[in-house]
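**Student:** Full structure from sequences and hints, please.
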Amino acid sequence: MGAQRWLGVGQAGGAEPEPGARAAGSALRHADAKLLVVFCSASLDLPAVLRQVNERSGGVPLIGCSTSGEIAPSGPDVRSVVVTAFGGDGFSIRTAAAAPASDDLRAAGASVARCLARIEERPYRVLLLLTDGLAGDQREILRGVYRVLGSGVPLVGGCAGDVRMAQTFQLHGDRVLTDSVVAAGIGSDAPLGIGVRHGWRRVGEPMLVTGSGGNRVHTLDGQPALDVYLDRLGAPAAAYTSHEELARLALVHPLGLGRRAGEEEIRFIVGGDFGDRSLACIAEVPQAALVWLMEGDVESVRWAGGAACTDALEALGGRPPLGVLAFECVGRRPVLGEEGIRVEIDEIVKCCGGAPVAGCYTYGEIARRQGVIGFHNQTLVLLSVA
Amino acid sequence: MSAPAGWPAQKLAEFLAAVSSFATEAEAAAGAVERVAESVDAEVVAIVSRGTVIAAIGYPEGAAPVAELVSVAGGDRAELTVPGAGSSPAAVVALENPPGARMVVARSGPDPLSADEVGLLHAMARVTSMTLRMLRFLDDERALRKESQRQSAENAHLLATLTDHQMLLERLADEQAALRRVATLVARQPGTERVLASVAEEVGRLLRAGLTQMLRYEGTGTTTATAVACWTDPEVTGRAIVLGTRVPLERDELAGVVLREQRATRMNSGELPAGGPIAEHVHGCGLGSATASPIDVEGRPWGVVVAGWPAPEPPADAESRIAEFAWLVAMSISNAQARAEVVRLADEQAALRRVATLVAKGERPDVIFRCVAEEIARISNVDNGFVLRFEPDATLTVVARSGSGHAPVEVGSDWPLRGDGIAARVFRTGRAVHLDSRRGPPGWIAMAPDADFAGVGAPIVIGDRLWGAATATTGPRNGPPPADVGATPAGGLPADAEERIAKFADLIAIAISNADARAQLTASRARVVAAADDARRRLERNLHDGVQQRLVALTLALREVESMVPPEPRELPAAIGRVVDGLTGVLSEVREISRGLHPAILSEGGLAYALRSLARRSAVPATLNVRVAGRLPERVEVPAYYVVSEALTNVAKHAEASMVEIDVDATNELVRIVVRDDGVGGADVGRGSGLIGLVDRVEAAGGEFTISSPPGEGTSLRATFPLSPR
Numbered sequence: 001m002g003a004q005r006w007l008g009v010g011q012a013g014g015a016e017p018e019p020g021a022r023a024a025g026s027a028l029r030h031a032d033a034k035l036l037v038v039f040c041s042a043s044l045d046l047p048a049v050l051r052q053v054n055e056r057s058g059g060v061p062l063i064g065c066s067t068s069g070e071i072a073p074s075g076p077d078v079r080s081v082v083v084t085a086f087g088g089d090g091f092s093i094r095t096a097a098a099a100p101a102s103d104d105l106r107a108a109g110a111s112v113a114r115c116l117a118r119i120e121e122r123p124y125r126v127l128l129l130l131t132d133g134l135a136g137d138q139r140e141i142l143r144g145v146y147r148v149l150g151s152g153v154p155l156v157g158g159c160a161g162d163v164r165m166a167q168t169f170q171l172h173g174d175r176v177l178t179d180s181v182v183a184a185g186i187g188s189d190a191p192l193g194i195g196v197r198h199g200w201r202r203v204g205e206p207m208l209v210t211g212s213g214g215n216r217v218h219t220l221d222g223q224p225a226l227d228v229y230l231d232r233l234g235a236p237a238a239a240y241t242s243h244e245e246l247a248r249l250a251l252v253h254p255l256g257l258g259r260r261a262g263e264e265e266i267r268f269i270v271g272g273d274f275g276d277r278s279l280a281c282i283a284e285v286p287q288a289a290l291v292w293l294m295e296g297d298v299e300s301v302r303w304a305g306g307a308a309c310t311d312a313l314e315a316l317g318g319r320p321p322l323g324v325l326a327f328e329c330v331g332r333r334p335v336l337g338e339e340g341i342r343v344e345i346d347e348i349v350k351c352c353g354g355a356p357v358a359g360c361y362t363y364g365e366i367a368r369r370q371g372v373i374g375f376h377n378q379t380l381v382l383l384s385v386a
Numbered sequence: 001m002s003a004p005a006g007w008p009a010q011k012l013a014e015f016l017a018a019v020s021s022f023a024t025e026a027e028a029a030a031g032a033v034e035r036v037a038e039s040v041d042a043e044v045v046a047i048v049s050r051g052t053v054i055a056a057i058g059y060p061e062g063a064a065p066v067a068e069l070v071s072v073a074g075g076d077r078a079e080l081t082v083p084g085a086g087s088s089p090a091a092v093v094a095l096e097n098p099p100g101a102r103m104v105v106a107r108s109g110p111d112p113l114s115a116d117e118v119g120l121l122h123a124m125a126r127v128t129s130m131t132l133r134m135l136r137f138l139d140d141e142r143a144l145r146k147e148s149q150r151q152s153a154e155n156a157h158l159l160a161t162l163t164d165h166q167m168l169l170e171r172l173a174d175e176q177a178a179l180r181r182v183a184t185l186v187a188r189q190p191g192t193e194r195v196l197a198s199v200a201e202e203v204g205r206l207l208r209a210g211l212t213q214m215l216r217y218e219g220t221g222t223t224t225a226t227a228v229a230c231w232t233d234p235e236v237t238g239r240a241i242v243l244g245t246r247v248p249l250e251r252d253e254l255a256g257v258v259l260r261e262q263r264a265t266r267m268n269s270g271e272l273p274a275g276g277p278i279a280e281h282v283h284g285c286g287l288g289s290a291t292a293s294p295i296d297v298e299g300r301p302w303g304v305v306v307a308g309w310p311a312p313e314p315p316a317d318a319e320s321r322i323a324e325f326a327w328l329v330a331m332s333i334s335n336a337q338a339r340a341e342v343v344r345l346a347d348e349q350a351a352l353r354r355v356a357t358l359v360a361k362g363e364r365p366d367v368i369f370r371c372v373a374e375e376i377a378r379i380s381n382v383d384n385g386f387v388l389r390f391e392p393d394a395t396l397t398v399v400a401r402s403g404s405g406h407a408p409v410e411v412g413s414d415w416p417l418r419g420d421g422i423a424a425r426v427f428r429t430g431r432a433v434h435l436d437s438r439r440g441p442p443g444w445i446a447m448a449p450d451a452d453f454a455g456v457g458a459p460i461v462i463g464d465r466l467w468g469a470a471t472a473t474t475g476p477r478n479g480p481p482p483a484d485v486g487a488t489p490a491g492g493l494p495a496d497a498e499e500r501i502a503k504f505a506d507l508i509a510i511a512i513s514n515a516d517a518r519a520q521l522t523a524s525r526a527r528v529v530a531a532a533d534d535a536r537r538r539l540e541r542n543l544h545d546g547v548q549q550r551l552v553a554l555t556l557a558l559r560e561v562e563s564m565v566p567p568e569p570r571e572l573p574a575a576i577g578r579v580v581d582g583l584t585g586v587l588s589e590v591r592e593i594s595r596g597l598h599p600a601i602l603s604e605g606g607l608a609y610a611l612r613s614l615a616r617r618s619a620v621p622a623t624l625n626v627r628v629a630g631r632l633p634e635r636v637e638v639p640a641y642y643v644v645s646e647a648l649t650n651v652a653k654h655a656e657a658s659m660v661e662i663d664v665d666a667t668n669e670l671v672r673i674v675v676r677d678d679g680v681g682g683a684d685v686g687r688g689s690g691l692i693g694l695v696d697r698v699e700a701a702g703g704e705f706t707i708s709s710p711p712g713e714g715t716s717l718r719a720t721f722p723l724s725p726r
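Protein sequences, first through last, are from chains A and B.
Numbers 1 to 386, taken from my numbering, label the letters of the first sequence in order.
Numbers 1 to 726, taken from my numbering, label the letters of the second sequence in order.
Derived by calculation from the structure, the hints in this document are not laboratory data.
C-beta atoms are modelled at their ideal positions from N, C-alpha and C, and glycine is treated no differently.
Heads up, none of these hints are tricks.
Cβ-Cβ distance ranges computed for the label pairs, FRET-style: (1) B:134 <-> A:319: 51 to 57 Å; (2) A:318 <-> B:13: 43 to 49 Å; (3) B:122 <-> A:245: 41 to 47 Å; (4) B:122 <-> A:213: 26 to 32 Å; (5) A:232 <-> B:149: 54 to 60 Å; (6) A:213 <-> B:317: 55 to 61 Å; (7) B:130 <-> A:211: 20 to 26 Å.
**Tutor:** This is the structure in structure tokens:
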């Protein structure tokens with residue numbers, strides 16, 4: 001089954017000395033590492049951690065990002081470094097970075113996508129993308145990628161996180177970037193599976209987005225979006241004027257963009273404008289889109305973890321996974337609660353048969369198997385590696 | 001799911017808005033396939049027309065399968081390979097535009113497009129057609145407009161070019177007119193100054209300069225230039241550098257660069273303020289930029305034209321335009337130089353010839369000194385010429401001077417050879433000296449204390465002895481030199497002044513050594529003549545006191561014997577008588593010889609008395625006219641007597657003359673003797689007659705002897721003697 005491949009995951013707490021070196025040391029199980037994927041808490045000294053990792057690895061190609069929390073086989077964490085190493089001759093890897101991305105998001109996407117054209121031909125390929133979710137409409141990045149790669153290459157990844165949604169960082173080689181897109185083109189002799197699940201359910205009839213601009217939805221079905229949203233929910237009067245009340249409702253009632261197959265693309269509502277009665281979402285809601293009011297609970301959302309894992313592993317055609325990369329929306333944590341996210345990851349690990357899981361909490365998730373675009377919110381995206 | 005009723009319309013409106021926002025047909029086609037793909041979530045969408053793929057999405061960049069797409073679009077196949085998903089059902093929708101175009105849509109998965117989606121697809125295809133058509137029109141129109149704009153731009157460019165050409169022609173005409181004016185002027189061969197002034201003005205006006213300035217280098221290897229022409233625009237506040245001002249160019253980055261590198265140069269407003277004297281002067285005139293262009297005359301750097309402009313940069317082609325004028329200047333200078341050189345050489349030669357003639361004529365040195373002093377004073381800008389003799393006690397004697405008299409120096413006065421003056425320098429170095437500016441404590445010439453003057457001096461060397469010096473000075477130039485350009489003042493001496501003075505000095509040396517030689521010769525002749533005269537006088541005295549007296553005594557004794565002689569034999573008295581007669585004859589002859597040796601009669605009776613005796617005894621009848629009162633000096637009387645004596649002897653021996661005239665007269669300074677006969681002529685000093693001895697004798701006495709003796713016209717001897725010894 002092709003040349004040898006391996007995948008190692010290492011984690012080190014931010015309080016430990018040289019956490020980068022320790023995490024890298026654990027991940028680098030063999031000498032022939034091809035790619036390191038680093039998820040590092042935004043609260044740590046990123047340049048120092050990156051230096052430690054590179055010193056330990058001797059300059060193995062690297063991409064990574066800052067996080068709003070890290071996922072490791074031991075469970076979720078919030079002040080740690082998680083390093084995943086892809087190794088063995090069964091992998092071909094190229095990495096790329098484009099910064100600043102916000103000048104031309106499409107061009108940035110197209111630029112990093114071209115790294116895949118230069119890797120050794122392998123039967124299975126994926127483009128792993130880590131982006132700055134604060135740089136603008138992420139779908140533009142993905143359009144740029146799609147223009148270059150077409151539908152033949154699955155996309156997976158997420159938007160870097162931080163502590164208070166102010167500035168996120170992307171890592172490439174020995175550089176700490178912001179407002180950028182970093183990518184690793186991965187070619188493999190064995191399948192690479194993607195699982196995408198959120199566990200939210202549609203409520204009622206779809207609404208037509210009659211007025212939107214960027215991340216803000218002005219009108220739904222021709223009416224002020226905030227009022228339509230609250231009316232549909234039958235919200236208490238306080239929610240019409242109180243940010244707290246609105247936030248409490250929004251946490252469990254995102255919007256869902258309709259798709260022809262699979263689950264909806266979720267748009268988490270981060271707030272409303274009580275003046276112009278508009279809704280602010282975590283990502284762009286295109287005009288003329290059909291959106292559903294979504295609902296969910298701990299059970300349904302946690303169920304998504306298992307479902308995504310099953311989807312991802314099915315794509316491996318029965319081969320045991322070497323490991324799984326997880327990109328989970330930071331917005332799922334308040335829904336699931338601290339215990340909930342721990343259980344969710346335990347289930348993923350269990351589902352993988354003990355293969356290591358590494359990942360991070362993100363400000364947006366990327367997964368495209370079918371169709372075009374593939375940008376998600378409030379979603380769990382898994383990449384299984386056989 | 002049931003979509004709201006307005007969904008397709010809304011979707012279409014969004015599609016329309018998105019697609020029509022593209023600027024070009026190609027962008028709109030690419031945008032349309034992308035939006036269609038997103039609208040129906042289809043991985044592959046392509047627009048195919050007449051066998052080519054106009055736009056496609058879903059394939060790797062640049063790798064759309066044209067044949068497969070064309071085949072599907074043409075209805076030959078119903079399925080299309082979706083990359084990463086395999087063969088999938090394809091929908092084909094016709095586009096009205098481009099003609100015959102089809103939109104091919106394929107999406108993975110088992111679900112075919114819904115009726116809503118197909119309807120939407122048709123609508124979007126229609127929108128796409130309309131948009132592409134519109135954009136094609138717009139593209140065409142844009143292309144037309146672009147072409148039209150291009151043509152207008154070209155026309156405008158042509159117009160501008162024509163205008164430029166027109167302006168260029170006008171400019172050229174102006175330039176040609178200016179050049180012609182200068183050329184005409186040059187052809188008329190006016191003074192160089194006029195040409196320079198004309199060019200300075202023409203260049204200034206033509207190039208709209210604020211100031212033009214022409215500077216002339218002072219010679220090969222020089223670092224100094226003299227302002228020779230200038231022009232300023234009336235609106236320029238500053239003044240040009242005063243003509244004649246000398247400007248050092250060592251530190252100059254404008255004219256200095258031209259001198260050092262033999263090329264034109266320019267300076268902008270930022271460079272002028274610290275660009276050396278000329279640049280700073282231009283800056284000081286309130287101007288912003290400048291150029292400097294070389295003037296080469298006969299391949300050698302002659303000078304520089306500096307032009308200044310109010311603008312911060314000079315006109316782009318200023319240097320090349322100035323070059324045309326510089327060429328005319330060069331031609332004019334070259335002509336003028338050739339003429340001036342000829343004139344100067346002629347003047348110089350004439351001056352030298354005048355002095356040389358005097359020298360050759362053996363004119364007295366004091367005359368030559370005076371003449372040299374005068375010739376020196378004719379050199380341009382020279383105010384005073386001096387001939388000075390260095391004395392053994394380190395003083396100098398002024399032996400000749402000429403000039404305007406600014407220097408209160410008398411001929412014959414003595415001055416100490418001290419200080420740093422021109423004469424003192426020549427005295428110290430034995431070499432020629434050229435001082436551009438002499439100032440400070442006065443040397444031997446008591447100039448005004450503040451006066452500044454230039455001077456040159458050349459040594460007079462006789463053999464290996466420094467005899468003295470010939471010097472020249474300019475008139476005093478009062479007041480400080482112009483300070484603005486750090487220059488030395490105008491009115492200096494020509495660069496070759498010392499050379500010219502040196503030639504005069506050489507002539508003086510020759511004159512002095514000739515005079516010395518002549519004096520020595522005269523003295524030597526006089527000594528020879530005196531010794532001969534002395535010997536003659538001794539012989540005459542010996543004859544007179546010895547032989548003559550004894551002959552007289554013998555004659556007297558014989559007379560006594562004659563009276564006592566007996567009658568018999570009868571022949572005895574007669575014989576004694578014959579002996580007495582013979583003795584008397586011998587005595588007479590001895591007397592005559594004695595008189596020829598040294599005419600005692602001359603010593604005793606003077607020239608007139610002695611000449612009368614000679615005339616009386618002349619074999620050819622002689623007329624004597626003596627207009628001399630009293631006695632003349634013996635050194636004149638003796639040779640004068642011999643001239644007449646020898647002349648009469650020659651007349652008797654060779655002239656076959658019937659008469660001879662003797663004229664003697666004496667003026668204040670000169671005694672003149674002329675002996676003229678009416679004989680056959682043809683006498684020649686060189687032909688061994690006694691004439692050669694006469695020449696020696698006359699010249700030994702400081703006199704002159706000439707003879708005129710054309711054959712058949714008699715002979716005329718002429719001797720003159722100076723009365724006072726030289």
